[in-house]
Amino acid sequence: MVAALATACGGTAQSDGDAGKPAKGGTLRVALAAQPSSFNPVLGNSGSADFIVQYSIFDTLTEFNSETGEVDPRLAESWTFSDPTTFVMTLRAGAAFHDGSPVDAEAVVWFLNHARGPEGGGAQVDLAKVESAEATGELEVTVQLTEPFTGLPWVLSGRSGMVMSRAAYEKDPEGFAQHPVGAGPYRFVSYKKGAKIELERFEDYWNPDGIYPDAVEFTIFQEPTTILNAIKSGEQNLSFSVSPKDVAQLESDPSVNVTTGSSYLLDQIHMNRSKKPLNDPRVRRALSLALDRDVFVKAATFGLGEPGYQFFPEDSPAAAPSIAVDNAPDLDQARSLMAEAGYGDGVGLTMLTQTSEIEVRKAEVLQAQLAEIGVELDIRPTELTQAVAEMFQDQSADLFFAYGVSRADVGDTINATFGAEALYNLPHEEHPAVMEKLAEANATSDIAERNKHLQAAAEAIADESLLLPVAFNPFIAVTTSSVHGVRVDAVLKPRLDGIWIEN
Amino acid sequence: MNGSEAVPPSASLPAAPTLRVENLSVYLRSPAGEVQVVRDVSFTIGAGEAVGMVGESGSGKSVTGLALMRLLDPAKTRVEGRAYLGGRDILALPEREMRAVRGREMSMVFQESATALDPVFTVGTQLVETIRAHRDVSVKQARLRAIELLDAVGIAMPARRFGEYPHQMSGGMKQRVMIAMALACDPDLIIADEPTTAVDVTIQAQILDLLGRLSRERGVAILFITHDLGVVAEFCSRALTMYAGEVVEVADVAGLLAAPAHPYTAGLIRAIPRADDKGRDLYEIRGTVPSPTEMPGGCRFRPRCDHAGDVCGNEQALVTIASERKVRCVRSSEIEFEGVG
Amino acid sequence: MQRAGSIVLTLVLATVITFGLQKLVPGDPALAIAGEDATAQRVAEIRADLGLDRPFVVQYLDWLRGAVTGDLGTTIRGDASVWDLIGQRLPATLTLAAVALLFSIIIGVGAGVAAALRHGSKADTAVTAVATLGVAVPNFWLGMVIVVVFGLTLNWLPVSGYALPWEDFAAWARHVTLPAIALGTAGAAEIARQVRSALVEVLRSDFIRTHRAKGLPQRAVVWRHAMKNASLPLVTVVGLQISHLLGGTVVIESVFAIPGIGSLIVQSANQRDYPVIQGVVFVTALLIILTNLAVDLVYRYVDPRIGVRPARRAGLRRAQRGVTV
Ligand SMILES: Nc1ncnc2c1ncn2[C@@H]1O[C@H](COP(=O)(O)OP(=O)(O)OP(=O)(O)O)[C@@H](O)[C@H]1O
Ligand code: SF4
Ligand SMILES: [Mg+2]
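Protein chains in written order, with our numbering: chain D, 7 to 509; chain G, 2 to 342; chain R, 63 to 387.
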């Protein structure tokens, strides 16, 4: 579950000793575990696989700050809500696209309208509350909203803020994804589909300071072990696609640097609340009380990541302090809730999970813990899209263990999980208590106020145990020992800024 | 020596025999140890002479022939004795020199014409190869010689047949090709191991005729291995009877057929089918050839012999009983054979 | 004519089966495309867009109509033509498979002949044992071991990536070695076994004795005559190895991060990119059919009896079956 608010949770950079001063030069070779779904940012849909590449090619209007949980200026120098439905943003001067055209108010207005228009793909959803966008100065953009939506600056740190070159797009709309042109620190050179992406540094980038390598090469791997081998042998020098199970081994390898931390990506158990026995909040609550999340993190994810007691990480301003305490393991209470609900003699539940070794391992830890209160889990490892179909379309399983929806904005995340249209919401009807709190949060542009409402939403989710949080996934970056400057990214969509290669 | 048609002109000259075999023994090696399958075989063949070797299946005829050709796998067999061909003991030659002897000084015609030719090369190629293995001639010359040979063994349209594969030929024709191959380098000795078993009677007659003519015209010595005493009668001047790895009788063919000295030879003769056999059961020697691992002591034929007596329990020596006649039976002189002569 | 018919039939069958399997195997491309934005409505829209809501037969015939005219369509997201994609990937696979095949043949024939000539000896037993093991070793595992030993421990050769020989020959040679060995080992083992047993049998046959009796040198007897006679099962097993190699690239290209059609089919399967899977299967089936044609031609060359006597053919077929067991 990616939430774009709050402070980063416990990032610990390791073994990045004193390697001297950052220097320009070299080729950063990044091993990816999946190919980007598209180079057209607004059409992309695969989260982290897309973002790593797209962030290099496309600069964004704002930037999510993992450490503060706030959004920082990027192409937009400053912004303000002049009223809850009017957003005014001032662009920085001197930024340009790779094709030379300026990133000015007109360019941004075109992009926002394009992104929310018919060719906007997934970005349409992000910008659904935008009524109009207008250039109100050479570098000033004014956005009118249909209803209060103070999550907008966070949204603009993601794909909906990845300004595309209008000239390049209009010259060849179909071909844009094959020759993407943005205003990011690297320009696109070539792409062999599914195999390799080559970028070179954009020398006219407005902020050349943190951009070190001369070129970036992304190579797409199918086999996780091959990524490890390629890093160990120095053929690749950076990857964010390493499994927790390999971390200990890599940390003992002197030729490799490992950076770990926690993220907002929440492993959770989706429950089919539309039928027995999970339509009973007592059963859902009992499941939550039966979980020992500390043990889960130690046993299933090798101590990496953080226990997840609620929808947002503990140190997120949107997290409600009371929930963690309420969700501490309590087997007695869990058993009596089960008995109360009429399942004192136990109950069998089917749980879908993904097929990878680590996901099955996680599911088995859950199975052991839930067995304590008489819940017999039937684990069914299932390929992801099939699992989604079985759980949310066919409703042929009780539980689905997976990480959640990821959206740039917390409110949007809630919407995608509990909204009436959300595929992941069972039953497919809006949850009134949660959605009410969300509306209140979006209506205020005061951060503290907004957080209070979001906390209320989190409480509403916890009160009825609408979903079962388990643990926040770890952030893991592995590099060869000559690569420095990797920072933990709490939303698992890392940028390459600041990374440099020792020569 | 009798006056049969097989006697070549040269036989009257006091010359050294083409082949002289002395005390040839062959042992098969097996994990359980060695077994002897041929024991102390000695005989000679003169130039232009055809000597028959008869005996039931398993009596060691082929092994004898292969041992002389040195074609037994040295890893699996051991050969003892001497065999003089052209003045040298070929059993003692180094393999490299022996290769030059094979196909050139001596050659062998095998029984199984159907499988004895290489199926994936034309007969012409196989002939040319034989010639060029021994003679320093061009492919073209070798080809002419090969066609000549095919013609000589009575193959019609030899130039066309030259380019054919074995599977395109009849059994008789293949056997002729085998003979042509054996003749390719004008050998002094041909070992013909049942060369006519696989062909019908007319072809058999033609092939025998061919071999006989070659033997006479070119002075080739022939060891003619066969089951068939009738063929021996027609074709050979002398004959050896082999039983259980031993030579049990040596004689001129006429004498052998008219008055066999060994009960085994007599049994073989009695078992030849005749025109007046109709209505009568064909005679068969009772029992079977003993396997080399279960050789009876004393006379090896004793378990099957109708004349066996106490003396037969002793080892039997090959004894000369007349000029050119030897027999391995102590009771030979006492026995009257029925159904023979 | 009959042959053309059977080729068409094979292609149609192969594509119908993959088409059917795609529909049977769990996973919905619409869900894959919808990704994180999935709503029930959006998934339905995508399905309609892609024509996935039409009957199976209609979808297949639609694809077939394209394929017949040489149009394999585009990826399911429409961002590349399937032909282009296969064209980009095929050279890596073919060059890799070629080296692997060469490796299999050289090692397999060498070991097989050596064992057959020393039939029953310790060397023979060793070759047979290693070959039996080699046939059973999974590609994936062998690839991993080779990577760890030669790539990571000895640091001799790269463990990932690829280059094409006509782009950078030296880089290609370095990159192709380990995967080709991993890919070709099972084939080498299988070829060694087949060559050994075929050669042992041939060496026992009467005509080999005839060749010896003619005074041919051992060299000529073994390499010219015995090998040509033993080459029928060799050609058969090499033909089969080509199909196996193409299959093996799926694993090996993933293990060594080689951008060939093997890794393409893995990627496409993960993304439920039906048109690409279908295209790759189609092209692979074509390649295998071409291989079989070539094998048949070579048969005719090495064995003049083929196509002549039905009895021999039956024997051959037995020999071929023997190879697959
Ligand atoms: N390769 C071999 N392995 C084991 N035993 C063999 C081998 N070759 C021959 N023998 C044995 O040697 C003995 C003699 O066999 P040989 O083939 O010489 O008999 P033969 O007289 O030629 O019989 P046939 O008339 O059937 O050709 C037999 O007992 C046979 O079983
Ligand atoms: S020695 Fe005795 S047993 Fe042997 S053949 Fe003569 S009579 Fe028969
Ligand atoms: Mg024989």
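What the hints contain is simulated information worked out from the structure, not anything from laboratory work. Quick reminder that beta carbons are idealized off the backbone N, C-alpha and C, glycines included. A portion of the hints provided could be inaccurate.
[To be verified] Partial list, computed: chain R residues near chain G (C-beta under 10 Å):
no.	residue
1	Thr136
2	Ala232
3	Pro279
4	Trp285
5	Pro366
Each hint, compared with the structure:
For Thr136(R), the suggested interface contact is broken, since its CB lies about 50 Å from the closest CB of chain G, more than 10 Å. A distance limit of 10 Å between C-beta atoms decides the matter here; for Ala232(R) the minimum to chain G is near 42 Å, and the interface restraint is violated. Checking Pro279(R) against chain G: minimum C-beta separation of about 6 Å stays under 10 Å; hint holds. Below 10 Å, beta-carbon pairs count as interface contacts, and Trp285(R) has none with chain G, the closest being about 13 Å; its hint is therefore violated.
The closest approach between the C-beta of Pro366(R) and any C-beta of chain G is roughly 5 Å, which is under the 10 Å cut-off, so the hint is satisfied.
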